[in-house]
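Fit chain A to the supplied structure of chain H, relying on the hints for placement.
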Amino acid sequence: MLFDDSSSRASDSASGPVKPAAESHGVDRRGFFRTLGVVGAGVALAGETPAAEQLDDPFGVLVDTTQCVGCRTCEKECAKAHGLPVPEGGYRTTTSDQQLSIIQHHESDDPRVDMGVVFVKRQCMHCLQPACASACLTKALYKSPDGPVVWRQSKCMGCRYCMVSCPFDMPKAEFDSATPRIMKCDLCADRVAEGKQPVCVESCGASALTFGRRSQLVEEAHKRIAESPDVYVHHIYGEREAGGTSWLYLAATEFDKLGFAQDLERVTYPSLTKEFLYGVPVVLTLVPPLLLAISNATRPAFAPQGGEHGSH
Amino acid sequence: MEATSSISWKAEAKRTLQFLRSELRPRGKIWTPFNVISGAIILAGAIILAFRFFYGLGAVTNLNQDYPWGIWKAFNVVTGVAFAGGAYVLVFLVYVLHQEQYRPIVRVTILNGFLAYVFYAGALLLELGRPWNVINPVIGNSFGFSSVLFLVAWHFMLYMIAQFVEFSPAIAEWLGWKRIHRVLHGMTLGAVVFGISLSILHQSGLGALFLMAKDKIHPLWYSEFIPIQFLVSSVFAGLAMVIFEGTLSRSVFKTRVSPSYHFSHERIVLSLSRICAGAMFVYLFLQTLIFVHGQDWKHLSGFWGAWYGVEIVGFVAVPCVLFTLAYRRRNTSLARWAAVGAMLGIVLNRLNVSLIAYKIGAPVRYVPTWMELVVALSVILAEVWVFRWIVNRLPVLGEAPAWTHEAEEASKEVIPHARPAAVQPIERSVASKEA
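For the record, the sequence lines run as chains H and A. Just so we're aligned, residue 1 is where the first sequence starts under this note's numbering, counting upward by one. Just so we're aligned, residue 1 is where the second sequence starts under this note's numbering, counting upward by one.
No lab work stands behind these hints: they were computed from the structure. Take the hints with a grain of salt, since some may be wrong.
What the hints assert, rightly or not - Each computed DSBU-like pair below joins lysine-lysine, with the alpha-carbon atoms no more than 30 Å apart:
1) A:359 - H:274
2) A:178 - H:274
3) H:76 - H:196
4) A:214 - H:257
5) H:257 - A:359
6) A:214 - H:155
7) H:196 - H:223
8) H:155 - A:359
Unchecked claim - Per the computed footprint, the stretches of chain A lying under chain H, defined by three or more beta-carbons under 8 Å from a beta-carbon of chain H, are:
9) 15 to 23
10) 45 to 55
11) 64 to 74
12) 145 to 159
13) 187 to 196
14) 207 to 216
All residues carry an ideal CB built from backbone N, CA and C; glycine is no exception.
With the rest of the complex left out, here is chain A:
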């Protein structure tokens, strides 16, 4: 018994290794304009980072004693994590509310979220002054329980694990590990529930980071409700990103996209628009309550009042209306424009809280150096490279292999009157076509 199982394990390991070796080879043309330009930027970013680690943050950044956090924190971490919020909203829709119509995009969204956290937590490390001590709050020799950042850091780590578990069935499918797949698949709901709870806490926690900076942030952007504002806005930030990224992916990865994804894409964009519009309305209502409650009328005059108006009207209210119109008129290109507007609004909001409306009276305002911008961009481009590598190999946008399909079909037999009748026939017809 034992001998045979060890032989099969050996064969399995050998097969996996060979498969991995073949998968590691690059696919497609290497010298494309995108590859050349993004590769050059990433290389430049790496060189700048070498300088940063040898000579200190001051050598490449414009950080000063008034602005201890720069664009890497404000844009890559605080803004980027809001955009990664799509993952927790979508798994909530699919795994908790059983809204099967979103199933085709759930995997790519989880992957996006996972990579966003990996790279943005990485960006956090780049900007730590003493990164070798990052282990202190992890291994427990120094737990600062009273720190919001402690909570955020731990929730980042735990959420990355949860997201990896959520995504892991795709890896098992890629490697053809059937038994492991079954185990991983069974862990999904647990990871989802845990992941949503963690997301609620760290999305709001990113806002709570600024609670003690009460005297430094302009009153139009500071309130004791920043955590709630950050949480609510992460819902539509994430979904807008899903719409935006889905549109790009569909054209870039044409060959990898499953027919079911293709067919359902328009409908998914429109229903997400509707959720975005709702979330943005809630957010506007919250902003209004905070504004009135804080008696902020006196701040509305002058530049900062106008700037606040630009953010709230131009990049929240207008996209909210556009999302509503897009849904009502079944207009997906309008939805995409609305998504772009909403995303700009989120960038604006997060940068306002953490940099632009932060310490407006400082003698030297912080403006990022070109080197900071290059590194910020390299982080995003590196993420895109990894995303592309995975999407081109793993069943992310496409169908899962037939053997998982059979298992799922079998499980569906158990549920005779499954609700999402609209989707299933398409999936079935696709499956039959492929067969």
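Same shape as in the complex, but just chain H:
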């Protein structure tokens, strides 16, 4: 099911041992080449790729909800991989500080929906420009160049502004801990950095999840819609929501019936605070001289000396 990405991955892992020294930056390079479809000699040169270019095309996952059978293997594997209690009981409706990835169970009477049931995997959407990361005053939440939005324990001060800001409500706090963490899907950033796939994708036996560069996922999603126009809703959730997310969804029925927020901004969420933040240097540089000017202009009888009350 993995399209051309798998072949380039294979060639990458083959070429991997050749450049072990570049392990920490290896992913960036590999990713860059995968995107460009270049192999070989230009390695050293292209290693200088700026991070911004990587951000333009981060890793992501395409979720085809028509393929998901609701086996919840991904939930269990995710819990194991992140050291969390393995979920038991029925389908959840939201993620929690104990469960970063869930399978939702939605009933639908849409004729396009097979068997009248849709299973939807939900987790952090890994926005292209995440609200949480822009809200974070310690940069504890941060968008890594390869796409995963990760949380860094040593920086977070637990203000929970990320939770207020996230349009998908994905960051969850451990309220019952004296040393609470912010819990959310990290797209298995460590594995991705090693050139592996996230555990949920790897464990999915139903081919519902496809891991790859976002641009290719978008293409693939459009292709699937074009090939089966009667199966899918003609919309890729995540393509433009919140300015674009790394997780993309295909579905056989309208997304609002599957619990997806439909009225989200098409612009990025950080842009909502941009005007205000632009105003800050303006106020800080223009208001003080203005106040000093007013103070001087309104000084009774224009005392010649400077300072409040004149000088002593």
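Here is chain A on its own, set in the frame of chain H:
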């Protein structure tokens, strides 16, 4: 030369220490009803906070994944800072516009503002999940420049310093440090100008915190103009607080109040009422523009429309009219009622934005636990205790010591035709009476 100066420094230090020791002793009766009740609440608050730090926020609060911020943030920080806005408005009037008639209340207002920030920033620390990392955005190993909260946090810190500088001459007067007093006094205007700029930014910044919560706040309370709404409303929130607090202080601290404060109080309340009425009118106009521009008519039906009406009409428009009437009819008790109404309106507005009209569809609505309320109250009571301690010792409500007075008189000689002729004779007559 050096020897004599070191001796005088030694003597000075000794004198200051002795003075401080004598000042530390409590004054007045200890077992008053207020002390007993507030002391019990503060003690209970401290115990609850111990639980909070040992077992996590969940042990004492009703915070959940839908409501990451509770009453400590919404009431103590977001609302409390609006009420502390009186300090920047008053220093603007006195130090920038030279409106000397407000001089008698400027110090107590700065003190109030300063303590409000100290205690409310403290409340912010209580509600941080990982408070030991609070140092990260301060020392610069992790600056989140794109964060509104980063800006608010830094401006809180800087503004506290600015306010401390604004207030510091009172400390120098209390300790009798004449030379330091002169230096501190000279820094006042700088601190004032810096402080006003910071206030404009963090008062609006508290509103800007909610800009990214666009899908979570009811449209009647969310607009891209929240920062401006918060800034404008902080003007009358702060002044209403000044009127309210001044009325209390005048009766509680009778013995500490200077005659000039006493004489001018009524007149100050009435002119502040006028400013409040103006600011509230501007605010109402702004709200109307935002309402019309946002095409919010469709939201007016149902409970939330009515609730919005209660806030805007009942607690903004009505106090605005009352302030106007109070000023026109020279009725100070009406002004006080208007101040109470305006303050309730601010509480309502801030809680609506941050809690009540926030995520109205959440499966579990947030309602604070009694423990959260006790802590919220303890923060305020602890502030009142510190305020009382300072007012009872420092020249806050009363006259500055004679030696500063002489200096000021001397400086006034430089300005022969000072404008506030109405106030000066009173001050002079008071001074002569005391002499």
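Hints and how they fare:
Distance restraint check for residue 359 of chain A and residue 274 of chain H: the Cα-Cα separation of roughly 23 Å lies within the 30 Å cut-off, and the hinted pair is therefore satisfied. Proposed proximity of residue 178 of chain A and residue 274 of chain H is contradicted: the alpha carbons are some 47 Å apart, above 30 Å. Distance check on the hinted pair: residue 76 of chain H and residue 196 of chain H sit about 18 Å apart at the alpha-carbon level, within 30 Å; holds. Distance restraint check for residue 214 of chain A and residue 257 of chain H: the Cα-Cα separation of roughly 21 Å lies within the 30 Å cut-off, and the hinted pair is therefore satisfied.
Our distance criterion of 30 Å between C-alpha atoms is met by residue 257 of chain H and residue 359 of chain A, whose separation comes to about 19 Å. For the given pair, residue 214 of chain A sits about 27 Å from residue 155 of chain H by alpha-carbon distance, which is consistent with the 30 Å threshold. Restraint check for residue 196 of chain H and residue 223 of chain H: satisfied, since their Cα atoms lie roughly 25 Å apart, inside the 30 Å limit. Our distance criterion of 30 Å between C-alpha atoms is met by residue 155 of chain H and residue 359 of chain A, whose separation comes to about 28 Å.
Note: the segment 15 to 23 of chain A has 0 residues with beta-carbon separation from chain H under 8 Å; the three-residue rule is not met and the coverage is violated. As drawn, the segment 45 to 55 of chain A meets chain H at 3 residues by the rule of a beta-carbon pair under 8 Å; at three or more, the given contact holds. Check result for the segment 64 to 74 of chain A against chain H: holds, 5 residues qualifying (beta carbon to beta carbon below 8 Å, three or more required). For a cut-off of 8 Å, the count of residues in the segment 145 to 159 of chain A with a CB near a CB of chain H stands at 7, and the three-residue condition holds.
Beta-carbon proximity to chain H at under 8 Å applies to 6 residues in the segment 187 to 196 of chain A; the threshold of 3 is reached and the given coverage holds. With a cut-off of 8 Å between beta carbons, the segment 207 to 216 of chain A has 9 residues touching chain H; three or more are needed, and the interface restraint holds.
Checked against the numbered hints above, the structure violates hints 2 and 9; every other hint is satisfied.
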